[in-house]
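Just need the whole structure built from these sequences, with the hints factored in.
Residues 1261 to 1914 in my numbering are what the sequence shown spells out, letter by letter.
What the hints contain is simulated information worked out from the structure, not anything from laboratory work.
One or more hints might be untrue.
[Claimed, not checked] Within a straight-line C-alpha distance of at most 20 Å, the following computed DMTMM-like cross-link-like pairs (lysine to aspartate or glutamate) qualify:
#1 K1909 <-> D1349
#2 K1909 <-> E1878
#3 K1909 <-> D1450
#4 K1810 <-> D1755
#5 K1841 <-> E1878
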Amino acid sequence: MNQMVPGTHCRTSGVALLVAALLLAQPVHADEGARRPGGEFVDLSIEELANIDVTSVSRRPERLQDAPASVFVITAEDIRRSGARTLVDALNLAPNVQVARSSNTNAFISARGMNGTSNSPANKLLVMIDGRSVYSPLFSGTFWDEPDVMLEDVERIEVISGPGGTLWGVNAVNGVINITTRHARDTQGDLLVLRADDDGVQAAFRHGAEMDGGHWRAYGKAFRLAHSDLASGQPIDDDWTQGQVGWRGDWERGSERFSVNANAWRGREGQPVPGVIAAPGASTGLDDIRLHGANVTGHWEHLIDGGGSVTAQAYYDTRYRRVPPTFADRVDILDVQLQHALAPVGRHRVVWGGEYRYNWDRVDNSRFVAFLPASDRQAWASLFAQDEMALRDDLRATIGARWERNPYTGAEFLPTVRLSWRATPAHAFWAAVSRTVRAPSRLDVDAYVPGAPPYLLAGGRQVRSETARVFELGYRGQAGQRVSYSVTAYRNLYDHLRTQDITPDGRAIVFGNLMAGQTRGIEAWGNVQVSESWRIAAGATLLHEVFSLKPGSGDLGSVMTTGRDPAYTAQLRSSHALGEKRELELAVRRNGALGFPYVPAYTAIDARFGWRFAPGMELSVIGTNLNGSHAEYGVVPVRTEVPRTVGVKLTWQR
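See the structure below:
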């Protein structure tokens, strides 16, 4: 594939443009107070950040400061200031997740380790967009080239590291990412975004208006990325073109609230060697991956006097992915959820509900790989309940459990107990004990290689759910009006982890559950408001992993690759308002080396200069990996270098 723009010359010019923009920035203090939408640059105070409402921890709005979990919130302002162009880029802002790109189109994202193994992709992180799970029944993980939003419409991204199975179900083992887009009333008028980087271009528009009793918005976006390169400079086939359109409507009538959200997308992307599935001989005949999909979500909420509510949600999601020459997959998902949050009764706040999901999955098999049966229909059903009890004015206990039935292992029980103590209005401690589960998927049970007998890999008909017992201890506090911080220590005990084992007759390999493991770590982050116009944010994680095989398995490859996670990560961000119309963002990220296969540690320096040169007009110059390209994931012969890029973004709104 041809590059969209000249390579070396454009990147050199882009660096010069960024340096020139930074030299134009003269430090001047901003006016007092944060500026709101429709004015100049916006930033929340330390106190306002602590008071942000989050919903992922207890399924009801609560202050971030009160949430008894390790949760980091990426705000709309964080995303805008960073210059992120994709969801994957935006998640780099969260210190409690690991983001590793293996190509333009493929990313591995996880919390607290377990970010993929030799026999299993990253599959222990639940991702939702406006309550719709983007989980794939094919492998119980997320294809990160599928979920997309217009980043300018995102209200916040709640990133929970730690188990969320009681409220959100199986597969929320190591974390939950909940992406919430803005209410339609907050996106009225017109917005146009144009962006050009030296490895791609992007354009997006949005229009919002009032309607009878409510508000609506429509949007469209398209982008193209050029191919990336190996460390040797050799190009690889991972260029990417994709477009998406969507519509959202919101209505409020008395105690009733309604919303409808619909999206459709289509894309084409190159498939670098050895291909998505590295089956024998499948690296020949590789062709572009074609994918498209659509979804619609309806949400209704009824507010009850005294503080209770009843909500119902249903969504339909259809996706298609063709990966020559190995397989094509079409999946249709219908999901219905009901939740009842009771009005407080004495010292108790109870929420309960249920969910039913049904999917149709059809795979076009090939001579390289087969899913047997090729067509399958599956159903999940679950019930959950959680009671938050005020033991004292400063002490809360939360007890909850979920019963969930899946088509492979039957009923699973997911309990949790949390305790939260507010020592002072500015300091809170919490502890939690949970059991969570990663249920099997079609990849675990139905995958056969090659596509016809005799098989080298013959599925995993006897696989069990992977389980984890999780112990957490956390602290969240503030020092005056200028400093906030959060620290969490955890220990995870895993059992029945996936292995590849030889059948008794020695003729084939099957998936089994003969590995156990232990992880422990610390994650911490904080903010310092140096002045009214300057804030510094920092975060770091430490992780230690140990895995071992049980008797009966000789799968040494799984043991070596399951700990494919950095022992440490660190980041530092500086956000500086240079007067009323200019701002400068600088960020440094450091990731430790990965295990087998080895990937060196790397440091990435990002920068953005923003200038609001006229009412409703903002120009940004954005540089990523300014200190040079680096690798993040994969084996050396096919390892992509994440490049240095410089780009310009123009935003117009009225």
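- Hinted pair K1810 and D1755, Cα distance within 20 Å: Holds, at about 10 Å.
- Taken at face value, is the distance from the CA of D1349 to the CA of K1909 at most 20 Å? holds, 15 Å
- Message: Does E1878 sit within 20 Å of K1841, going by the straight-line distance between their CA atoms?
- Response: Roughly 9 Å between the alpha carbons, so the hint for K1841 and E1878 holds.
- Query: Holds or violated: are the alpha carbons of K1909 and E1878 at most 20 Å from each other?
  - Reply: Distance ~8 Å between K1909 and E1878 Cα, so the pair holds.
- Message: Next pair to validate is K1909 with D1450; report whether the Cα-Cα distance is within 20 Å.
- Response: holds, 17 Å
Against the hints set out earlier in the document, no violation occurs for any number.
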